[in-house]
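Residue numbers (our numbering), protein chains in the order written: chain A, 1 to 577; chain B, 1001 to 1335; chain C, 2001 to 2323.
Do not take every clue at face value.
Some, not all, of what chain C presents toward chain B, calculated at C-beta under 8 Å [as the list claims (entries may be wrong)]: (1) 2119; (2) 2122; (3) 2299; (4) 2303.
As a list, the in silico DSS-like pairs of lysine-lysine whose alpha-carbon atoms are at most 25 Å apart [said to hold, decoys possible]: (5) A:330 with A:527; (6) C:2227 with B:1230; (7) A:213 with B:1200.
By construction, these hints were calculated from the structure, which means they are not laboratory data. Ideal placement from N, C-alpha and C gives every residue a C-beta, glycine not left out.
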Amino acid sequence: MKMKSALLGAAAAVAFAPVMAQAAGHEGPRGRDGNVSIIYWQAPSILNPFLSGGTKDVESASMIIEPLARYDQGGNLTPWLVEEIPSVDNGGVSADLTSITWKITPGLKWSDGSDFTSADVKFTYEYCTHPEGGCAQATKFEGVTSVDTPDDLTVVVNFGQPTPNPYGPFVGGESPIIQAAQFADCIGAAASTCTEQNFNPIGTGPFKVVEFKPNDVITMEANDMYRVEGKPAFATVTFKGGGDATAAGRAVMETGEFDYAWNLQLAPDVIAEMQEGGKGTPVAGFGPLVERLMLNNSNPDPALGDMRSVKQDPSGPSEHPFLGDPAVYKAMSMAIDRPLLVEIGYGQAGKVTCNWVPAPDAFNSTSLSCDTQDIDGANAMLDAAGYMDTDGDGVRETPDGVKMSILYQTSTNAVRQDFQALIKEWWSQIGIETELRNLSASVFFGGDAGSPDTFQKFYADVQMYANTFNGTDPQAYLGNGLCDKAPRPDSQWQGENISRVCIEGYDELHSQLSSTAGIEARAEIGKKLNDMMVENGGLIPLVHRGRLSAHANSLGGVALNVWDSELWNVADWYRIK
Amino acid sequence: MLTFTIRRLILAVPTLLFISLVIYSLLEFAPGDPMANMPLTIPDEVKQQMREALGVGQPIWISFPKWLYQFFIVEPLVLIDGIFGSTFSEGQQRIISWQTRSPVMDIVAERLPQTLWVVGTAYVVAILIALPIGIYSAYRQYSVFDQAGTFVAMVGYSVPPFFSGVLVIVIFSVNLGWLPSIYDTTLEVVDWETFKLQLKQMIMPVMVLALQITSQISRFMRASMLDNLKQDYVRTARAKGMSEWTVVMVHVLRNSMIPVVTVIALGIPSIFGGAIITEQVFKVNGIGQLLITAIQANDLPTVQTLTFVFAILIVLFNLLADVLYGILDPRIRYD
Amino acid sequence: MTDATNATIGEKMPEAPARGRWADVWRQFRAHRGAFWGMMFLVFITLFVTVGPLIWPHDPTALDIRSKDMRPFYVGLFAGEDSNVKWSWEHPLGTDNLGRDLMAKLMLGGQVSLAVGWVAMLLALFLGALIGVSAGFFKSLDGPLMRMTDLFLALPLLPLLLVMMLLFREPLRATFGSETGTFILIVVVIGITSWMQTARVVRGDVLALKEREFILAARSIGTPSSKIISRHLLPNVMSAIMVSATLGLANAIITESAISFLGLGFPPDFPTWGKLLSDATSRLQRFPERVIWPGVAISFTVLAVNYMGDGLRDALDPRIRGR
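Whole structure, please, built from the sequences with the hints as guidance.
As structure tokens, this is what we get:
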């Protein structure tokens, strides 16, 4: 164990040489650095990530309860409560890819002093897969048929079929282990009666809860049973929630009241101004999050009534009056000045991308390019395809005489409204008229089948939002392009194929991906799927977005991780003196 | 007056039941989904299972009576148990928030202190400032004091707290560094030091809120005083040789209080309701913030319970205002 | 009631008969300094937002990324020649982060804010006065009307807005077109959610007034209720209505920005004073002008209406008039 943590520390030192340069001076007894204060502008409501999938809840809980393995800031799997990452090579994953065997580190204790055993892991599986429990992380256990515990320190997860990526269950911040003894009476429908357990989970992490005020503040103290000597450096944690991103950034970078602020979705000039306060530093990290324009492949005409935004032929081509034409969506994409969007909206937390899957690097396709705006080229392309402004009002008509006027919706958010204004302007230069609409995020992203304004109903021609996937494998995410996942009235408008795209050969290629092992082969298929989706008018990628957080200049050891919880290494944080 | 009060109190019960039904149907009908804040990485089937586990989408004729039972029977029993240590409520399902999976009333109890501290103080401060300003402004109409008062009140009312709050934070927290920009709800006042800290963190939210309330009350006070100062009875009183103080502060003031009492009575339920924007800006995280986060997360049990508690307060304080009318002006009769 | 409403606008006054009561009222009104300047300011701001856009060369929605983040002329002049403050006479009040001209945004924003503010305020006032007077005067109506007021006070605003959006947005758009439809929706929403205070205050006043001697006298000589209300009650609750009017105007202008945030209001690139104010708050330190100007516009308009209300009330009061 000692050896392992030393090695880990060495690995971190390579990645974060400047921070670790001062490392020599910050060793010492547990709790030597007093209090650390963290602000999340969305307040945690519950400390049980199985009952709430919200990022705020998952990340706050990650300081207390931990998974068997985590992703580090580079997206690599790192053993956490186990000896090593099982693989086919070391025999941890069976040759037929149907089971994975985890070896728990001996001597681990829960914060109440009892032993951490494989029974707890098995219990976690049972807790989350109970049919009445409504577990938010159920997808983590998809395909798992059973969890066996040959002894106290061995966990065998069995899958129903060969699973090339068996690192779903018990890996990452969304899938931590909860204590069987504590949650024994909370299985299934009883889950929501266990307020005490949900607010004060017993964990193996560096901190334990002293007081949890839902949607307000969590007070934590160092876990005496934590496995690493001398960690965490902080004796107590104040985890405040609420307000807005501006206020959180201000509290860290301008007034210095807080040490760490999460996810500052602010315009780069606002961040830069805060940084001039001199008390804190923003840090950015890039996961696979992409801000994109989804194109409607069905017809959103209100006159269609019940069949609005529903494809007559779910497996057929685009039924939109003009958005289905490659000339149109390619021209729309060419008219966009992506570097400017990055500069205006995200600064250091954004990159130009033409891809649906921009990360991890292995999956990032290089076959498309889109980083220069070409209004003339776009105009020429539309002219050539027969879209002309026949009545002289500055807006083109399709060859059938339909005016090229589109409704462009997104959620209410300052940066998104700036993007809307800019893109509307560019499209007007290529003769496409745009009407803008912004909707409250709680309505837009809500799956209420009764509301006309959800992103799933897509009662608009174009809509903008961001999406990503957990972990480093995009298989499930790429599944969002499958024909039968299009939202429809008979599925209560549920389904992830928001653009209702249906591409020939896509579904077959995706099923090939799910049976292919080996990272190179998988990446090859992944890139192909990505290119197919973008080339066939499923979406127009805009910006590869990073996560931007800020820490006080006196807070050391921060390693922003976008593949797992941001607070994954809170045990290593310390005060720079 | 007593029979009137009793009759109104009895009448309040069906009124409140009706109000609760209207609010409940409104919330049921409003678009929204408790899963809206979940990341898009959680697939729809899982979200559907989570909704089912929460009991979302039950028909209203099942869920509304259940809520009524929990609100009027179970929660009072829990309160009784809490006070006397009895066990009447054992095994009864309480009103559970969809966001936190914990009893709504417990969160309300947890939030009430900071809301009462901040919003309550702001109200008291505002009334104490507004009444003298209103009276003196009217008494010396168009004097410099009146003009300045008018200016400050109107500007103060038309600057919304989402701006004035940020402005004072920038001045007092960022530039001067005197006051904290984030309210610490874990602070317990035990000695002089912590009391000073509490005062420091209360100053800005109280200031911002009090400005709005003062503006409003002082305008109504001034207008009503002006009306009464011109009445014949004032001339009569002065002619009788009463002192100016008695004329203004006893006779005119008493007759001018009706609109002011109305406005204050309308405002007191909002003390308990918190000040949504101000609480957000200063991170006071009281009842107002609870309500707005519950609305954003479409946490119906919380929204319904909170709104209904406000409804009770509104009905009670409007009744109180009506009773006060009768005391201020005995000619007012209700029966 | 219609008399009172017209009088509140203050526009009909000069057209009233040249002699008699209204001439007196007008003379008194003009002599009131605050009221006069208040009216002048309202005339100015109305011209600014209506005629202004016709003269002003910039389009409030036109983006010009090269001239983004310009400062107003006074900052430029104050900083002197050789500073690196970015400003130009082309954009005297500066531009926003996408290069849209602030002056043009203020003009267009004012059109909407003033229109929404006035109409919503008058609607709320009309409802409030009607319900307040009816409840106070007719005993049989008091109970039902006041319980309805309690109900409206208790309704949570945001869900109510969402429901109204769900029910009425599409039909209104279809009938009146996008902009008029949105306008009607916003005005009605603000109107029906802000009349309650006026109603309670007016009712309180009426309850006390109707027991006064002059009302009893009027009633004893057989004056019909409608006459009592219009001749005797309304003039005496005027001051409360005026205060509600000025507060209501400020409220309506600010509420509009909150509604737009929900997606219920105007499209996101369409400026209004309230929205300009809320959008610029995050850049308060670096670009104070972006909050100051819309803030000043709102405050001064409200102030002007307040002074006009003062003047009007004095002018309408027979006890003061002619003094």
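The hints, checked one at a time:
1. Contact between residue 2119 (chain C) and chain B, as hinted, is not supported at the beta carbon level, the nearest pair being about 18 Å apart and thus beyond 8 Å.
2. Hint status for residue 2122 (chain C): violated, given a least beta-carbon distance of 18 Å to chain B, over 8 Å.
3. Nearest Cβ of chain B to the Cβ of residue 2299 (chain C): about 4 Å, under the 8 Å cut. The hint holds.
4. This hint holds: residue 2303 (chain C) has a C-beta 4 Å from the nearest C-beta of chain B, less than the 8 Å allowed.
5. A distance of roughly 19 Å separates the Cα atoms of residue 330 (chain A) and residue 527 (chain A); the hinted pair therefore holds under the 25 Å criterion.
6. Among the hinted pairs, residue 2227 (chain C) with residue 1230 (chain B) is consistent with the structure: their alpha-carbon atoms are about 23 Å apart, no more than 25 Å.
7. Annotation: proposed proximity of residue 213 (chain A) to residue 1200 (chain B) holds, straight-line Cα distance about 22 Å (limit 25 Å).
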